[in-house]
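Enquirer: Chain B: place on chain A using the hints.
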Amino acid sequence: MAAAMINERDLEFMLYELFDSEGLIGRERYQDHDRQTFNEVINTAKAIAEKHFLPIRQKLDTHQPTFDGKKVHLIPELKPAIAAVNASGIGSATADYELGGMQLPPIVASAAATYLTIAGGVGMGYNMLTTANANLLQAHASKELIDTWVKPMLDGRFMGTMAMTEPGSGSGLGDLSTKAVKASDGSYRVSGSKIFISGGDHDLSENIVHLVLARVQGAPKGVKGISLFVVPKFLLNDDGSIGADNEVALAGLFHKMGGKAQTSTALSFGEKSGSVGYLVGEENQGLKYMFHMMNEARIMVGTSGAVLANAGFQYSLDYAKNRPQGRLPSCKDPLSPMVNIIEHADVRRMLLAQKAYAEGAMALVLYGTQLSDDEKTAPSQEQREYAHTLLDFLTPIIKTWPSEYGPKANSYAIQVLGGHGYINEHPVEMFYRDNRLNAIHEGTTGIQSLDLIARKVPMNNMEGYLATISEMNKTIVIAKEIEGLNEFSSELKNAVNTLNSTTESVLKAMSTKNIDLALANSVSYLSMFGHVIIAWLWLKQGIVASNALAEQPHQDDKHFYQGKLQALQYFYRIELPQVAVWQKVLVNTDSTSFDMQAEWF
Amino acid sequence: MKVLVPIKRVIDYNVKVRVKADNSNVDLANVKMAINPFCEIAVEEAVRLKEAGTATEVIAVSIGDKSCQEQLRTALALGADRAIQIDTDQNLDSLHVAKLLQKVVEEEQPQLVILGKQSIDSDNNQTGQMLAALTGMAQGTFASAVNVDGEKVNVTREVDGGLQTVALNLPAIVTTDLRLNEPRYASLPNIMKAKRKPLAVKPAADFGLDLTARTTLLKVTPPAERQAGIVVESIDELVEKLKNEAKVIS
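Chains as they are written, first to last, in the numbering used here: chain A, 1 to 601; chain B, 602 to 851.
For reference, chain B alone in the conformation it holds in the complex:
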């Protein structure tokens, strides 16, 4: 069974995100980048399926410029067998990403596609669902457990009221939640092996899709900074401020 794992290069979760001075976007210059944590969980799950003998090949795919090869190498070091970079320097919408992935799915014919449920930068939570719609594959989102059982995969989903387990016919799409597994770190021998694993580069333009942006980013503003407090002279002054300034009591 082939497993396809799409991954995204995002700002490292440890980094304090800053907004550019002109509010045009997040400032990514000089910032540490990493594999999106939910995607890392997806890679781990796929590698575990392979280690359990369920999967035969794990393919990592990422869409972006050359720099995303770094994250693909990381996925290879974690245990993916080969990688595909879809080369583009455009900022793509979720739909474009899903359409490109659809092409990869058509070509590779994986039985299972495991994605992160969302990326920690844009937080859209759309790609997996869109890919399911485009490919007609069954989907199990927000997975906290994945068990392949013959021609089916049982996915335990984290839903508002608790857990829901669904059985999906293969091929299927799974998106990972935080508690699915705890990703491993790459051992040194595997870091070296990753360098010799195949990494194919395919220009996005070759897929014959219209990748014109459908959304425009108008502006990005940081959350309001917490203001320094003041010391009030009396209870009356406090009540007055709560009523008229903070408007939290009436």
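Excised from the complex, chain A in its bound form:
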């Protein structure tokens, strides 16, 4: 039997044991749902993944989109596969009933999407960007813009992009130079070049809705003068039908190491008379709006990192259970049968590392997804604000930790398969390549680390930081009372204490020392924080597992929960001690990298 795409028992654990997804039914928005509708949606996603995407996954990877100078060509199988997703309603599952959605809780939608992410390679990226685009417009655009552009996107007729990066302005958005000039009819004429625009051109939808960052004539320099525009590939006629070409020209395609099914484009806007753009919200507020989409996109990026880590883990686990090779060191008889490689302790180490990373990351992204729901639908205003505070603070970690450790897990998956992992007869090398993007897009790891320590930590008198610490303390207190977990409870307590003292010393360095030096090790800070958060989420999983084991569960469940406790132990014994290394670098404001001179390389 082929390897499972994902461990369904674990998905169930995450949804119903670690996070109380079933309890969401009590909220007004979700009152029509029950656990069965949740499971049916997941089954439907799985069916589409198996039927439409899994058979073309490798072809999507090996047949990159091509550009003949006029049009982009994708493999023909992708369009019907995406159409099947749209027809099923999964693309708009979380949207309001009025917009044709199903008001499905995001955490359930996220669980269902895991199958499509794994089976669809990045074919699904088109849908995800479209959803994020539609959500941004719903939050910040005028009713007219929403009516015109959001519904067709949710129906799958149009797709969306986010167009930020320019040839001379990537991570440093303040330097962007795309221009917008107000026209007499109130719309704008947008002109300039954008690069790395995912889904920037294709033949999968009738129209493409670009969300373009540009500077209105006369606006301030830097990030304060950036506005956001809807710039469609085609204008619409009064009756909503597709109208004139809007001067959004494809200048070329990029060829990527992974994620090949999703076009990465260079676009040229308005070379002749300017592309018609419609202002979203107010002028000069564009970056704020774009961050709305980016925050959501950052959770999606982290989710992709976590899901691909799980995919590689499941694949290599199945391989290790079935691949006979070698004998144990204790066995000297060459005539004895070979053992399956899972019998080798080092292979189990690599599988455990993957489990610790993949399931730790999955818990983190689902936690983030639940917070993004809580900030809108939690029963009280206070709870909603609290969820917002936590999510806003944790976003750099939710984005980064799975993006950094997901590829590490995939690297172990390749290693488990050995030479067979390095060739494309098995998907693990593809998972690795696809996953490698996640530490780069939607803000690199470096950018995220600066966002965390320089912005998020000090913000609002450290409100987000303190809320996070208090959440961890709650878990420490609970775990302390549980037999078998007290060791980990006190380990986490120590780690949180280290985090507190380190944070204090970094903040002090930022206000007393050269700021460039004080921030030189910001990634160490993000790494440290990420590890403490993952340790916390493992302890939460350990509490659920311990409590369940005490109830004398079925044999299968017993194995499952014991596996959770073993992965918890792995993370605490092998990974968490690294906190001490990062602490030293940070507390000493280590200047090794800072002092290095370009000439010395």
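Check before you lean on any hint, since a few could be wrong.
[To be verified] The list that follows gives simulated cross-link-like pairs (lysine-lysine, DSBU-like), each with its CA atoms no further than 35 Å apart: (1) 617/B / 558/A; (2) 151/A / 796/B; (3) 408/A / 621/B; (4) 46/A / 621/B; (5) 288/A / 221/A.
Hint data in this document are derived by calculation from the structure and do not stem from the laboratory.
Expert: Only chain B this time, still in chain A's reference frame:
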């Protein structure tokens, strides 16, 4: 035309079936359950008949405890119009199932009853045939094509020598084979609509039938596990083992 589709809740076909330690039965604790694949094909066929305008109403019926409502909901999400659960926590023989279904047929008067040819758990392949005998309706089993033509239904059957097409007078019973169709998956809007479709619960005891078990399950044993091989020293030893141990040559 009304179409009745009896469905069964069974262990999911993806699940590796285990036997209880005391060999008393299959271990169903904690196992993923699903609609029997042949029943799913039956639902699909009925829904297609409705979409084609041939059928006017599709009724799904299942016999079991409350948990089988899950499978009925699935059938509703796939396109059935309403559902009936015949409530019982007893394990029923095929004959009991057929007798209960006979009562439903009497009450609902469907023109067509489409069942799976067998369930993947007990593999009896009896219910459809028994129901045909009890109701006196014509039967077309192992269908790979179903075409309603006026007062008749043409059923193409998968038989040992190939295909056989029979014309049955309506009302009739059809049991589905694997190749009849490829069932759809439920779209999200239909999953939500299914929640509002009627699902009637009727206690099995109300049907006035003697449901005493006619068969007793003595024991269940798993297939023998494949033993590890050994390396023999010589051809002679191999021949000797094939002759005397495996007894495959003489």
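Enquirer: State for each hint whether it applies.
Expert: Going down the list of hints, with the structure as the test:
1. A hinted pair counts as satisfied when its Cα atoms are at most 35 Å apart, and residue 617/B with residue 558/A qualifies at roughly 17 Å.
2. Between residue 151/A and residue 796/B the alpha-carbon distance is near 25 Å, which keeps this suggested pair within the 35 Å criterion.
3. For a cut-off of 35 Å, the pair hint linking residue 408/A to residue 621/B is broken: about 40 Å separates their Cα positions.
4. Taking the CA atoms of residue 46/A and residue 621/B, the gap is near 30 Å; set against the 35 Å cutoff, the hint holds.
5. At roughly 16 Å between alpha-carbon atoms, residue 288/A and residue 221/A fall within 35 Å of each other, so this suggested pair holds.
In terms of the numbered hints stated before, the structure departs from hint 3 and from no other.
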